[in-house]
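Protein chains: 2
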Amino acid sequence: MMNSISVLGSTGSIGRQSLAAAAHLGIRVEAMTTNHNITLLEEQARRFRPSFVAAYDESAARLLKISLADTDIAVGSGEAGLCEAVSVACEAVVTAVSGSIGLRPTLEAITQKKRICLANKETLVCAGSLVLREAKAYGAEIVPVDSEHSAIFQCLEGRRSELARILLTGSGGPFRGKTRDETANVTPEEAVRHPNWRMGAKISVDSATMMNKGLEFIEAMHLFGVTPDDIQVVVHPQSVVHSMVELTDGTVLAQMAVPDMGLPIQYALTWPDRSPSPYERLDWTRMKDLTFEAPDLEKTPCLGLAMDCARKGGTAPAVMSAANEAAVGLFLTHQLGYNAIYDSVAEAVGRISFVEDPSLADIIEADRAARGYVLTHY
Amino acid sequence: MMNSISVLGSTGSIGRQSLAAAAHLGIRVEAMTTNHNITLLEEQARRFRPSFVAAYDESAARLLKISLADTDIAVGSGEAGLCEAVSVACEAVVTAVSGSIGLRPTLEAITQKKRICLANKETLVCAGSLVLREAKAYGAEIVPVDSEHSAIFQCLEGRRSELARILLTGSGGPFRGKTRDETANVTPEEAVRHPNWRMGAKISVDSATMMNKGLEFIEAMHLFGVTPDDIQVVVHPQSVVHSMVELTDGTVLAQMAVPDMGLPIQYALTWPDRSPSPYERLDWTRMKDLTFEAPDLEKTPCLGLAMDCARKGGTAPAVMSAANEAAVGLFLTHQLGYNAIYDSVAEAVGRISFVEDPSLADIIEADRAARGYVLTHY
Numbered sequence: 012m013m014n015s016i017s018v019l020g021s022t023g024s025i026g027r028q029s030l031a032a033a034a035h036l037g038i039r040v041e042a043m044t045t046n047h048n049i050t051l052l053e054e055q056a057r058r059f060r061p062s063f064v065a066a067y068d069e070s071a072a073r074l075l076k077i078s079l080a081d082t083d084i085a086v087g088s089g090e091a092g093l094c095e096a097v098s099v100a101c102e103a104v105v106t107a108v109s110g111s112i113g114l115r116p117t118l119e120a121i122t123q124k125k126r127i128c129l130a131n132k133e134t135l136v137c138a139g140s141l142v143l144r145e146a147k148a149y150g151a152e153i154v155p156v157d158s159e160h161s162a163i164f165q166c167l168e169g170r171r172s173e174l175a176r177i178l179l180t181g182s183g184g185p186f187r188g189k190t191r192d193e194t195a196n197v198t199p200e201e202a203v204r205h206p207n208w209r210m211g212a213k214i215s216v217d218s219a220t221m222m223n224k225g226l227e228f229i230e231a232m233h234l235f236g237v238t239p240d241d242i243q244v245v246v247h248p249q250s251v252v253h254s255m256v257e258l259t260d261g262t263v264l265a266q267m268a269v270p271d272m273g274l275p276i277q278y279a280l281t282w283p284d285r286s287p288s289p290y291e292r293l294d295w296t297r298m299k300d301l302t303f304e305a306p307d308l309e310k311t312p313c314l315g316l317a318m319d320c321a322r323k324g325g326t327a328p329a330v331m332s333a334a335n336e337a338a339v340g341l342f343l344t345h346q347l348g349y350n351a352i353y354d355s356v357a358e359a360v361g362r363i364s365f366v367e368d369p370s371l372a373d374i375i376e377a378d379r380a381a382r383g384y385v386l387t388h389y
Numbered sequence: 012m013m014n015s016i017s018v019l020g021s022t023g024s025i026g027r028q029s030l031a032a033a034a035h036l037g038i039r040v041e042a043m044t045t046n047h048n049i050t051l052l053e054e055q056a057r058r059f060r061p062s063f064v065a066a067y068d069e070s071a072a073r074l075l076k077i078s079l080a081d082t083d084i085a086v087g088s089g090e091a092g093l094c095e096a097v098s099v100a101c102e103a104v105v106t107a108v109s110g111s112i113g114l115r116p117t118l119e120a121i122t123q124k125k126r127i128c129l130a131n132k133e134t135l136v137c138a139g140s141l142v143l144r145e146a147k148a149y150g151a152e153i154v155p156v157d158s159e160h161s162a163i164f165q166c167l168e169g170r171r172s173e174l175a176r177i178l179l180t181g182s183g184g185p186f187r188g189k190t191r192d193e194t195a196n197v198t199p200e201e202a203v204r205h206p207n208w209r210m211g212a213k214i215s216v217d218s219a220t221m222m223n224k225g226l227e228f229i230e231a232m233h234l235f236g237v238t239p240d241d242i243q244v245v246v247h248p249q250s251v252v253h254s255m256v257e258l259t260d261g262t263v264l265a266q267m268a269v270p271d272m273g274l275p276i277q278y279a280l281t282w283p284d285r286s287p288s289p290y291e292r293l294d295w296t297r298m299k300d301l302t303f304e305a306p307d308l309e310k311t312p313c314l315g316l317a318m319d320c321a322r323k324g325g326t327a328p329a330v331m332s333a334a335n336e337a338a339v340g341l342f343l344t345h346q347l348g349y350n351a352i353y354d355s356v357a358e359a360v361g362r363i364s365f366v367e368d369p370s371l372a373d374i375i376e377a378d379r380a381a382r383g384y385v386l387t388h389y
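Sequences listed follow chains C and E, in order. Offset between the first sequence (1-based) and our numbering: plus 11. Offset between the second sequence (1-based) and our numbering: plus 11.
For reference, chain C alone in the conformation it holds in the complex:
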């Protein structure tokens, strides 16, 4: 059980639930950050009394500093602020920021040997090889917070050497079974309405396009040290099973729970222990019709694209992820159609120059170029 944490992205969905879990578990919150939601961050800061807070947005940070002037809480800003937030006296860092801005602070926390409670999948998607190499070198633990990776992590505890195949499950999103023609006029409001999980806007859109499952596919490769052929995506619309592993003898272990992110967050904080939790229990007296099927890659081309980028490696996943972030941003602000999310990302992957064994600088450049491509061409 961790005694003290820093929460990057405390005003988002995962961040808020991380604070709730910390409160429930009696864990001290030493630092917290936001992008620009300083109203909520101030409220959180007054409640949790961290020693440090930061806003990524510089002007928001200036306002926040004024708001908290009556406290002894230090205020930072920008990427430097996020890096400072992981450098306070804490045992673990919850990386709950959205997008590739999580990369540098995560690397900073790793060099400080802190446990990474990883809720920012873009970090591993863009720079998985680099991050895992650093974590190994510094002996920093990476414990996944994503429900799927937490499930796999739990199923594999003590039996990593027995793994034959990861069965990565996903609900298929709100438009499961719909053709590209049928999704052409999907609005942001429709796309963020996930059938089983309540999540932030970006990840909800990614769930609808199944790009989220693609990002998780790449994340799982890095986290569990496997190849693309070792992972099978399984569509499971009921979201009761959060993922499974097939072991060498054909045995399958599955992890299940109510769809509440509080649970994997708590587990990442208490691991290797497990604590009682306030969440609802699954009701086995009436659990009907759990189904499992193969994904239809024609209807969800983003997943196929992500699997291709996973096989290609190098800067391909970073380009794909950054282009997707930009495209989803445009979609959410009604500047891009739903199907054009895939089109623009696929185009960026085809056009941005490829580096096979990238440095951190190469990854950051690929990220920048991919965003630029989508924003200027769409």
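Hints are supplied without guarantee of correctness; some may be wrong.
For identical chains, the list gives no copy identity; a pair is met inside one copy or between any two copies.
Calculated cross-link-like contacts (lysine to any residue; reagent style SDA-like; alpha-carbon spacing at most 20 Å) [said to hold, decoys possible]:
| # | residue 1 | residue 2 |
| --- | --- | --- |
| 1 | Lys299 | Thr259 |
| 2 | Lys310 | Leu347 |
| 3 | Lys323 | Ser370 |
| 4 | Lys124 | Leu343 |
It should be emphasised that the hints constitute simulated quantities derived from the structure, not laboratory data.
Dock chain E against the given chain C, drawing on the hints supplied.
Frame of chain C, contents of chain E only:
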């Protein structure tokens, strides 16, 4: 991985599969026994070349001795023969005999510190407290072979302290949903036709009445050191999930596999390792409609009776199990109706005198009295 084993009941369904697993894994079979199927035992003996064989039936043993006169294989008989079979130079004993005759040989193997690959559930049902106490005292490992208990055992590995509840699944058998009126005229041929598993006749009938789930309920209490309130029986007609555990935070871990007893047998032999296996894999591209529901104790009163006996403790489970063995024997030979299995067992439980903290002698007497009661009154 075990290097050498003795198989009690090698001519039964589990016994034959244990020999196949031993052959596949390259494990030496040092001894094997049968009740009276000496034709098959001779064939097995000539193939596996154990140093010792035994037939429980005395006259069958005499014939077997003549058949194997040209070999150097020693031949024993009766309960003494079974006890001798566990005393050969072997690391593990697969107890695949049916009924309470497995009790003494199992206790003998425990005193010799051998791993018990437990496929004889009556041993724990009748004398669970005694057997577990002895196993602890001698440091003998008990690894379950029953698919449900193997599933629970696998889900709990490394996390015994995290257990909140065992979710013991069962298919509900071939007459699931049928009322007592509708099962009145069930024939032995109908009762042994299990929808998912191929098994011996006695256990198939027990599956139909759900007495098998009741016996497993009591077995699980002893194996995992829990109370009746810690176990929930869940009807799962598809037999894909073999059982589950709910952990302290509400997380559920499930073990799944194709319904082939070869798998849990192999695991009991290889544990704590896991080996590749020749069994089919579950196909997640088309797994439809897994359902879970509460058992209907009015339609399957044997399960309710077993749960009552589990709560009562003492000699109650031994009386129930022995009466059930006798009743199922009568049913299989067309001397008792299907519904009368429950009636006779319930009556025996009510009539045979109860001992709260029984010795081995008390248990053997309870067993004898219960059989006698059913055979004389029905």
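Here is how each hint holds up against the structure:
Taking the shortest Cα distances, Lys299 and Thr259 never come within 20 Å of each other, neither inside one copy (29 Å) nor across copies (24 Å). For the identical chains of this complex, Lys310 and Leu347 are intra-copy neighbours only, at 19 Å inside a copy versus 59 Å across copies, given an alpha-carbon limit of 20 Å. In this assembly of identical chains, Lys323 and Ser370 lie within 20 Å of each other by CA distance solely inside one copy; the values are 16 Å within and 68 Å between copies. In this assembly of identical chains, the alpha carbons of Lys124 and Leu343 never lie at most 20 Å apart, being 37 Å within a copy and 67 Å across copies at closest.
Consistency note: the structure conflicts with the earlier hints numbered 1 and 4.
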